[in-house]
Amino acid sequence: MPLLELRNLYKAFGGLQAISNVSLTVNEGEIVSIIGPNGAGKSTLFNLITGVYQPDRGDIIFEGERINGLTPDKVTRKGIARTFQNLRLFTHLTVLENVLIPQHHRLKSGWLAAVLRTPAYLKEEEEMRKMALEKLSFFGPRLMSFRLHQPVYVLSYANRRRTEMARAMATGAKLLLLDEPSAGMNPKETKEITQIIRRFRDEGGYTIVLVEHKMNLVGEISDRVVVLDYGEKIAEGDYKDVVNDPKVIEAYLGRREE
Amino acid sequence: MRNTLLTLATVGLAILGLYLLTQAEGSSGLLSALTLIFIWGIAAVSLNLINGQLGILSLGHHGFMLIGGYVTALLMLPEKERAPFRTRLLSDWARNHLDLDKWLRGAGLDFIANSIDLKFVVALFLAGLAAAVVGVIVGAPSLRLKGDYLAIVTFGFGEIIRLLPNAPEVAALTNGPLGIKGIPGDAGTVWWTFFAFLFVLWFLTRLKFSSYGRAFEGIREDEIAAEAMGVNLAYHKVLAFTISAFFAGVAGGLYASYLQSVDTQTFNFFVTFFLLVAISLGGLGSITGAVLGTAIVVLVRIYGGFLEKPYPAYVGYLGGAVVMLSAFAFSAYIRKARRLRPVVETKHLIFGALGVALLLVTVLFRNEPWMTQTVQFFGLRKILLAVILILIMIYRREGIMGRAEFSWKLIFGPREDIPTEEQRKQDAWLSNPDLNPDAAKKEDDDASA
Ligand SMILES: Nc1ncnc2c1ncn2[C@@H]1O[C@H](COP(=O)(O)OP(=O)(O)O)[C@@H](O)[C@H]1O
Ligand SMILES: [Mg+2]
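Which chain is which? The protein sequence lines are G and E, in order. By this note's numbering, the letter at position 52 of the first sequence is numbered 52, and the numbering carries on one by one without gaps. By this note's numbering, the letter at position 386 of the second sequence is numbered 386, and the numbering carries on one by one without gaps.
Simulated from the structure, these hints should not be mistaken for laboratory data. The structure presented is a predicted model; accordingly, all values stated were derived computationally and were not measured. A portion of the hints provided could be inaccurate.
In silico PhoX-like cross-links for lysine-lysine, where the CA-CA straight-line distance does not exceed 25 Å [stated by the list, open to error]:
hint	chain 1	residue 1	chain 2	residue 2
1	E	LYS425	G	LYS188
2	G	LYS191	E	LYS425
3	G	LYS191	G	LYS78
4	G	LYS74	E	LYS146
5	G	LYS174	G	LYS108
Label-pair distances were calculated between CB atoms; the ranges are [as the list claims (entries may be wrong)]:
hint	chain 1	residue 1	chain 2	residue 2	range
6	E	ARG339	G	ASN216	27 to 35 Å
7	G	ASN216	E	TYR333	39 to 47 Å
8	G	ARG117	E	SER115	28 to 36 Å
Chain G is faced by these chain E residues, among others (derived, beta-carbon under 10 Å) [claimed, not checked]:
hint	residue
9	ALA14
10	GLU79
11	PHE203
12	TYR212
13	ASP222
14	ILE243
15	ARG415
16	PRO419
17	ARG424
Virtual Cβ for every residue (Gly too), placed ideally from N, Cα, C.
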């Protein structure tokens with residue numbers, strides 16, 4: 001059984017067909033990249049999967065269960081978490097708080113128990129803290145120690161991207177949707193994040209779908225590449241096959257401007 | 001541990017201070033100022049939970065306070081005060097059943113019914129509960145709205161609730177526009193309000209620094225992101241709204257007891273407005289700030305009375321000169337602190353010039369009749385508050401405290417967010433490996449491996 005299956009999805013914004021007839025399967029443990037020119041509908045596809053938008057037609061199946069129509073928080077609780085193309089961190093909260101909030105939905109203690117600091121609540125809080133540190137440690141020591149207690153707005157752009165990825169992982173999801181994880185990173189940082197994304201899968205056991213523009217990153221880590229153009233899937237397969245596909249070259253690489 | 005001790009010591013000192021104050025002579029003015037600070041402090045801190053922590057502009061707080069006020073009044077009103085309007089207006093059913101004494105004795109809780117203080121605890125709790133129930137009823141449908149729309153809807157609900165006691169059907173219970181008089185003043189004393197205030201501070205601080213508090217703040221920071229991270233928006237908004245309404249109800253009950261009367265004008269929209277000024281002044285989202293802001297507003301209102309007394313006109317001119325000159329000095333100070341150049345901006349010279357001109361006029365014409373005649377400025381206190389608010393919004397929009405809270409760590413350390421020398425070095429090393437030959441070498445090894 002595939003982990004995620006999209007069946008003939010359609011989504012229009014007014015007259016604009018942002019997604020049309022897109023089908024896709026993602027198996028457990030895969031890293032799948034979605035590429036395509038700007039405006040191809042990549043982010044819209046993520047928004048459909050996570051319940052931000054509802055598809056006009058088609059099904060979204062996660063672990064054998066149809067999840068269209070669920071609100072974003074319920075989708076996350078099913079096990080799909082995402083990052084945003086234009087960072088959406090809790091800017092005035094600390095790094096640690098940013099990585100604790102996504103675990104809130106797993107809290108069993110009620111609000112009164114939380115106020116009274118019952119032993120059960122304190123235990124859960126301790127576990128949440130441990131989990132937060134575990135996820136942040138994927139990125140080495142740079143977000144640990146004093147950075148944990150600094151508000152996000154003092155962080156560098158690359159550190160914010162890292163925090164956002166740790167936040168998505170902390171939801172306890174199995175499937176991570178990363179929207180341009182290396183945007184705004186320099187070549188060295190991009191190289192590092194490529195390794196780290198691979199470690200998400202190898203050490204963290206996550207399945208990953210990512211949208212990316214940097215072809216070297218895509219080529220290096222993808223098990224499979226899907227190409228979107230004007231909302232349609234125009235190619236799918238191995239990185240090498242896809243980039244040599246004449247249709248893709250025309251649609252994407254032909255007018256590639258970075 | 002140290003911090004807990006410090007907190008306990010502070011509370012102990014506050015209790016001692018209050019005790020000495022109650023024993024001192026001529027302190028009744030200060031005591032009632034403190035009482036009001038405690039009561040309005042509870043209301044402000046509870047409004048801050050919605051407006052500051054959840055980030056939703058709610059304008060109906062006075063409605064919840066009113067519910068608390070009326071419920072407390074009805075439950076606590078002694079039989080002889082109740083009798084006149086009871087026999088006149090109250091329905092038989094209400095006369096026979098709505099009686100806290102009867103309920104308590106019926107439940108075998110005579111010891112509570114016999115003590116007016118314990119009865120007040122029950123009454124205030126029920127007052128909060130009633131406000132909270134209405135909070136859920138109002139909040140659940142309207143919290144789907146966002147921003148301005150929600151503000152307007154909460155304002156509308158607040159006003160509907162406020163006018164309800166006047167409606168003929170309800171007037172049988174509430175005595176209509178006449179309101180209820182003769183409420184026992186026991187809970188409106190400085191001790192009662194002090195301990196209630198402490199309890200609310202404790203409760204809401206604990207809530208703020210819990211997982212639920214973090215979820216509220218996540219919603220404030222970015223609703224879409226919070227939802228994408230699994231936070232159930234509807235549940236948490238209604239939860240915060242309800243808790244806030246509960247404490248608003250308690251504050252309303254305490255205020256009714258302080259005044260020993262309640263009517264629909266006791267809790268009009270200006271109550272909410274006043275609370276908004278207080279929490280904006282102190283810093284939206286900060287409990288410390290809400291308390292500080294309330295204290296400032298209450299003190300200006302109580303002790304600003306001298307501003308509105310009759311004075312000879314030259315005092316007014318002199319006051320104007322002082323205000324203008326301090327505005328001039330203040331702007332220069334701010335620009336200096338922010339390292340703006342030039343320190344004295346040309347347009348700010350107007351303030352200085354006006355100040356000097358007023359000063360000259362006062363001195364030159366001090367014996368003219370129009371200078372010595374008596375004048376009086378009504379409403380100067382409100383103007384002063386408005387000016388303070390405008391200044392805060394211009395120069396420190398986040399309020400006095402911003403979002404920060406008072407904490408012992410802030411004063412005595414250790415500050416976890418400030419790196420040690422070693423941590424700072426490591427951080428620099430990580431963010432710029434090029435500067436570190438060892439790191440560069442290690443990376444080459446990785447690449448060749
Ligand atoms: N909420 C929306 N309303 C209207 N049009 C939208 C909306 N979201 C996306 N679009 C349009 O859908 C198309 C696909 O956008 P998007 O998915 O963001 O592209 P990308 O592949 O660059 O991520 C674009 O033309 C965009 O303008
Ligand atoms: Mg995009």
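Agreement of G/LYS191 and G/LYS78 with the hint, judged by alpha carbon distance not exceeding 25 Å: Violated, because 31 Å separates the two Cα atoms, which is more than 25 Å.
Proposed interface contact between E/ARG415 and chain G, which counts if any beta carbon pair is under 10 Å: Status holds, d = 8 Å.
Hint consistency between G/LYS191 and E/LYS425 [alpha-carbon to alpha-carbon, up to 25 Å]: Answer holds: G/LYS191 to E/LYS425 is near 23 Å, not above 25 Å.
Holds or violated: E/LYS425 to G/LYS188, with C-alpha atoms at most 25 Å apart: holds, 20 Å
E/GLU79 as chain G interface residue, shortest Cβ-Cβ below 10 Å: Given a least distance of 36 Å, the restraint on E/GLU79 is violated.
Restraint satisfaction for E/TYR212 [CB to CB of chain G, less than 10 Å]: holds, 5 Å
Hint validity - E/ASP222 Cβ closer than 10 Å to any chain G Cβ: The hint holds - E/ASP222 has a Cβ within 10 Å of chain G, the shortest such distance being about 5 Å.
Consistency of beta-carbon spacing, E/SER115 to G/ARG117, with hint 28 to 36 Å: With a Cβ separation near 30 Å, G/ARG117 and E/SER115 satisfy 28 to 36 Å, so the hint holds.
Chain G contact restraint for E/ILE243 - C-beta distance below 10 Å: holds, 8 Å
Interface restraint verdict for E/ARG424 against chain G (beta-carbon cut-off 10 Å): holds, 8 Å
Distance restraint evaluation - E/ARG339, G/ASN216, Cβ atoms, bounds 27 to 35 Å: Cβ of E/ARG339 to Cβ of G/ASN216: about 44 Å, so the range 27 to 35 Å is violated.
25 Å limit on alpha-carbon distance, applied to hinted pair G/LYS174 and G/LYS108: holds, 20 Å
Hints 3, 6, 7, 9, 10 from the earlier list are contradicted by this structure; the remaining hints agree with it.
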